[in-house]
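Novice: Now for the letters of each chain:
There are 2 protein chains.
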Amino acid sequence: MSNADFHLIYWPGIPGRGEFVRIALEEAGVAYKDTAHQADCMSVMQSELAGDDGNPPAFAVPALRHGDLLISQTSNILQYLGEVVAGLAPAEVPGRYHVHALALTALDGFSNEVHDTHHPVDISAYYDDQKAEALRRARAYVGGRLPKFLAHFESVLAAPTSGAGPWLYGGRLTYADLTLYHGLDGVHFAFPKAVAKARESGKYGRVFALYDAVRERPNIKAYLASERRQKYSDGIFRYYPELDIV
Amino acid sequence: MSNADFHLIYWPGIPGRGEFVRIALEEAGVAYKDTAHQADCMSVMQSELAGDDGNPPAFAVPALRHGDLLISQTSNILQYLGEVVAGLAPAEVPGRYHVHALALTALDGFSNEVHDTHHPVDISAYYDDQKAEALRRARAYVGGRLPKFLAHFESVLAAPTSGAGPWLYGGRLTYADLTLYHGLDGVHFAFPKAVAKARESGKYGRVFALYDAVRERPNIKAYLASERRQKYSDGIFRYYPELDIV
Chain A
1 MSNADFHLIY WPGIPGRGEF VRIALEEAGV AYKDTAHQAD CMSVMQSELA
51 GDDGNPPAFA VPALRHGDLL ISQTSNILQY LGEVVAGLAP AEVPGRYHVH
101 ALALTALDGF SNEVHDTHHP VDISAYYDDQ KAEALRRARA YVGGRLPKFL
151 AHFESVLAAP TSGAGPWLYG GRLTYADLTL YHGLDGVHFA FPKAVAKARE
201 SGKYGRVFAL YDAVRERPNI KAYLASERRQ KYSDGIFRYY PELDIV
Chain B
247 MSNADFHLIY WPGIPGRGEF VRIALEEAGV AYKDTAHQAD CMSVMQSELA
297 GDDGNPPAFA VPALRHGDLL ISQTSNILQY LGEVVAGLAP AEVPGRYHVH
347 ALALTALDGF SNEVHDTHHP VDISAYYDDQ KAEALRRARA YVGGRLPKFL
397 AHFESVLAAP TSGAGPWLYG GRLTYADLTL YHGLDGVHFA FPKAVAKARE
447 SGKYGRVFAL YDAVRERPNI KAYLASERRQ KYSDGIFRYY PELDIV
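Protein chains in written order, with my numbering: chain A, 1 to 246; chain B, 247 to 492.
Isolated chain A, as found in the complex (with noise of 0.2 Å):
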């Protein structure tokens, strides 16, 4: 099996949670392809979420096929990459799992505690019908969350297990930074005051200085700058001007 045979199924139109396994994909310089980009994006993934013989159907997208094995949810994705490609993640096993868990805690503090801030009540209900809703669950977001995650990230960077240079875990970088930069990024885009705030108090600077070193790297700045990368709208990161607070 190539690594040509990894297909990404996800939603068009946003870079969303699909992005977490784009942004893998891209580091580490494999080709794939991307229902993002194929004009019979929704057939596909109705189909492959039906599941097949040798796989169980699949509750929602992202879902990655990779030859005959087609598999669901964000986090087992991205491990799955960091099993399969080579310079996503240790092979050995307590780095494994201490990465994995790294990358868990990234998508919970950046990511669905995020979508949470403009669906608070009722995710299947327009944003529209739980405004003051988002407002408060933003409020707490902003005010509570999301300095404790980035304390925790500071923290994890200044123990000796980062080891040398940016990043998180061993010295060298892995799925959980990737994560953690794109899970920031959404953040810089839903609440940019409240990111620049966080930035410029300096509590955070191992946090930063990692997003910033992820944004350097030359396969994930030529992603960035390409067409196949997709502006953020109405995904989990969303701008509302009334929720971007302080």
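Misleading hints may appear alongside valid ones.
[Stated by the list, open to error] 16 Å max Cα-Cα, derived EDC-like pairs, lysine to aspartate or glutamate:
#1 Lys148(A) with Asp368(B)
#2 Lys197(A) with Asp185(A)
#3 Lys279(B) with Asp251(B)
#4 Lys394(B) with Asp122(A)
#5 Lys231(A) with Asp185(A)
#6 Lys203(A) with Glu154(A)
#7 Lys377(B) with Asp490(B)
#8 Lys377(B) with Asp122(A)
#9 Lys477(B) with Asp431(B)
#10 Lys33(A) with Asp5(A)
#11 Lys467(B) with Asp431(B)
#12 Lys131(A) with Asp368(B)
[Stated by the list, open to error] Facing chain B, a subset of chain A residues (Cβ under 10 Å, in silico):
#13 Gly51
#14 Asp53
#15 Asp68
#16 Ser75
#17 His98
#18 Val121
#19 Ala132
#20 Pro160
#21 Thr161
[Stated by the list, open to error] Computed spacing ranges between beta-carbons, pair by pair:
#22 Gly417(B) with Ala225(A): 48 to 54 Å
#23 Glu488(B) with Glu200(A): 41 to 47 Å
#24 Asp212(A) with Glu446(B): 52 to 58 Å
#25 Gly171(A) with Asp480(B): 39 to 45 Å
#26 Val330(B) with Gln46(A): 34 to 40 Å
#27 Ala296(B) with Pro90(A): 21 to 27 Å
#28 Gly67(A) with Gln284(B): 45 to 51 Å
#29 Ile245(A) with Ala296(B): 29 to 35 Å
#30 Lys394(B) with Ala91(A): 36 to 42 Å
#31 Gly451(B) with Gly67(A): 29 to 35 Å
#32 Asp374(B) with Lys148(A): 18 to 24 Å
#33 Arg215(A) with Asp375(B): 35 to 41 Å
#34 Ala296(B) with Arg215(A): 27 to 33 Å
To be clear, the hints were calculated from the coordinates, so they are not data collected in a lab. Quick reminder that beta carbons are idealized off the backbone N, C-alpha and C, glycines included.
Given chain A, put chain B in place with the hints provided.
Specialist: For chain B alone, coordinates are given in the frame of chain A:
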């Protein structure tokens, strides 16, 4: 390293997220220490979360110590147990990732989203300060998300990948089954009317057969009747009569 070296680090007084780990350890029949039953629980939690030279700081409990290794994040711990304890997960690549996706989806639908029904807008505020929002979120959960997740797992159990018997994948019990079981048990505690209605509808016969089958496993049965099992109270799964809707 023996299995007796397993040490679950979690809050006392609630089953909580730690219970997903506990249920897996109990089903596997391995000995473990549990901070929930230690007088020095709080100080152990605090020192373990800080990490040490071999382990990065952890964001939150549950954490599991196994000899020198300390890992956090519920799904990550379950996956680790699937790798090092016999009988909780397939060892090979496709099955390992499929089982993990199923466990992650069960945690999403029957744990994370349930927590949000009583804390929809501010995780650090009291339930009493978000009762109106909680009722709205509970309505969206009971009326929309719960049936969606139940239908998903029913389809997984009806797919060829489920294999023989009541289990989700490959004809044998895995930690994904245990996760679905305990999540549904918690949802039943929080929303007894809605879960009774779902059972009576007959639409999710396979899901409830799995639930009943796990409950009858000798080790699980003995555990549930033991002193080790803590009562539901103010954790993820809470009973508020005003949220017990159908």
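Novice: If a hint holds in the structure, say so; if it does not, say that too.
Specialist: Okay, the hints, checked on the actual structure:
no.	hint	result
1	Lys148(A) with Asp368(B)	holds (14 Å)
2	Lys197(A) with Asp185(A)	holds (14 Å)
3	Lys279(B) with Asp251(B)	holds (8 Å)
4	Lys394(B) with Asp122(A)	holds (14 Å)
5	Lys231(A) with Asp185(A)	holds (12 Å)
6	Lys203(A) with Glu154(A)	holds (8 Å)
7	Lys377(B) with Asp490(B)	holds (13 Å)
8	Lys377(B) with Asp122(A)	holds (15 Å)
9	Lys477(B) with Asp431(B)	holds (12 Å)
10	Lys33(A) with Asp5(A)	holds (8 Å)
11	Lys467(B) with Asp431(B)	holds (14 Å)
12	Lys131(A) with Asp368(B)	holds (15 Å)
13	Gly51	holds (6 Å)
14	Asp53	holds (5 Å)
15	Asp68	holds (8 Å)
16	Ser75	holds (7 Å)
17	His98	holds (6 Å)
18	Val121	holds (4 Å)
19	Ala132	holds (9 Å)
20	Pro160	holds (5 Å)
21	Thr161	holds (4 Å)
22	Gly417(B) with Ala225(A): 48 to 54 Å	holds (49 Å)
23	Glu488(B) with Glu200(A): 41 to 47 Å	holds (44 Å)
24	Asp212(A) with Glu446(B): 52 to 58 Å	holds (57 Å)
25	Gly171(A) with Asp480(B): 39 to 45 Å	holds (42 Å)
26	Val330(B) with Gln46(A): 34 to 40 Å	holds (38 Å)
27	Ala296(B) with Pro90(A): 21 to 27 Å	holds (22 Å)
28	Gly67(A) with Gln284(B): 45 to 51 Å	holds (48 Å)
29	Ile245(A) with Ala296(B): 29 to 35 Å	holds (32 Å)
30	Lys394(B) with Ala91(A): 36 to 42 Å	holds (37 Å)
31	Gly451(B) with Gly67(A): 29 to 35 Å	holds (34 Å)
32	Asp374(B) with Lys148(A): 18 to 24 Å	holds (23 Å)
33	Arg215(A) with Asp375(B): 35 to 41 Å	holds (39 Å)
34	Ala296(B) with Arg215(A): 27 to 33 Å	holds (30 Å)
When each numbered hint is compared with the structure, no violation occurs for any of them.
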